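So the protein lines, in turn, are chains A and B. For what it's worth, this note's numbering labels the leading residue of the first sequence as 1, then goes sequentially. For what it's worth, this note's numbering labels the leading residue of the second sequence as 1, then goes sequentially.
Honestly, the hints are just simulated from the structure, not real lab data. Since the model is a prediction, treat every value here as computed from it, not as a measurement. All C-beta atoms, glycine included, are put in the ideal place defined by N, C-alpha and C. Where hints are given, some of them may not hold.
Here's a subset of chain B near chain A, in silico, CB distances under 8 Å, partners left out [to be verified]:
#	residue
1	A53
2	Y62
3	L66
4	P114
5	Y117
6	R174
7	R207
8	A211
Next come the chains, spelled out residue by residue.
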Amino acid sequence: MNTDELIALLARQSPAVDHRAPVRRFGLALALGFAGAGALAILLLGVREDIAAALRLPMYWWKLLFAASLAAASLLVTLRMATPGRRVGLGWVGIALPVAVAAVAAAVALQLAPRESWGELIRGDTWLVCPFLIALLSTPALVGALAAVRNLAPTRLGLAGAACGLLAGSLATMAYCVHCPEMAVPFWAIWYTAGMLIPTVVGALLGPRVLRW
Amino acid sequence: MTNPPMTYSTAAVRLELADATPDMLQFPAASEVLMEATPQSAVEARLRTALEAGLAGDARAYRTFLEELGACLRAYLRRRLHHAPADVEDLLQETLLAIHNGRHTWVPSQPVTPWLYAIARYKLIDHARAHRRRDALNLSLEDAGELLAAADHEPAQAGHDVGLLLQQLPDHHRLPILFVKVEGLSVREASERTGMSESAIKVGVHRGLKALARLIGNTP
């Protein structure tokens, strides 16, 4: 088939394009991913027993805000990366900012606390499992995000995969908050970020294989 | 009486002068000169209009878009692949198919050149990676402005036969493409011929073209 024939083929019966359909599909994938993370958190890990009291603590909402702002920023970056030729630009700042703020808050908290308590503040009770649990919770959202982005047109596959991973990780962290007993800023600034980095790296590795179109 | 268009080849000018009477001789307007001086922006404007109309459902505009884009891409790829001219037509077809499959990601308010350039570059890098032995691909791809700078309407022989690759698709992809895209039947007619539902036909064409793109990408 020569190029003219291919062009004739592509142009014949090409119906109008619905610009909202891919975004809708993406939203659905994310909603399912978040629901999956929530289901895993509630059914597999269990809601923390003091959840009623925890919800009244400002620190609970700071954790949630940290994760939610990363989710919003990585969603923006993912959507931009899924459009060819679209520059991410300041989108990267949106990701760096919550991490930087949390790091500063953790440093301040450590400064204000006696040095003997630093180990406890940083390790808490669950530092060994926390990142891996977040990574586990992110699996449905990662699959959903990758599948949705594959239907768009990413041109930098590794980075697009990483953005999907960070998005999945931050959604998982939001869900994880209902289970996690740790409140100290040094703890979650480190281990929640580490937990989100795992699906980010997995997404970056999977991207070039899975996102081809 | 309309004025003859200004051309820039010497032979044509001589002919015009020979036939012209004094009141016909005119210097080109400044705006005409400026338009000739920036052909890329004129092409960008044409492609953008055609694509926008095409995405709204105008099949003829979409075809015009693909044809003019194809000529520009061919010239661009010929420059980039001057050491492997046999690959140009294949990569051109692969890129056109990718642009078709990704057309839903272009937002009509955006310029068309960066979008096209990103896709062309993506396919070109893929190609370079797959043919790593064909070294020294001078990939200074930073200049998106080059993409629409020239047009080449002379097709070369393609190495792949997309027609043959189509035959390799499973029935639920191949048949909808065959009836709707090759034979030009309507979705309803294709549905009657194949026994597949109308939505299955539409999905079959959509997914079939994506599967075809992956087949081309995987075939050396």
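Structure-based check of all given hints:
1. A53: 10 Å, violated
2. Y62: Because about 5 Å separates Y62 of chain B from the closest Cβ in chain A, which is inside the 8 Å limit, the hint holds.
3. L66: Interface hint status for L66 of chain B: holds (5 Å vs cutoff 8 Å).
4. P114: 3 Å, holds
5. Y117: Given a least distance of 6 Å, the restraint on Y117 of chain B holds.
6. R174: 13 Å, violated
7. R207: 10 Å, violated
8. A211: Result: violated, 11 Å to nearest chain A Cβ.
Hints 1, 6, 7 and 8 from the list above are not met by this structure, while the remaining hints are.
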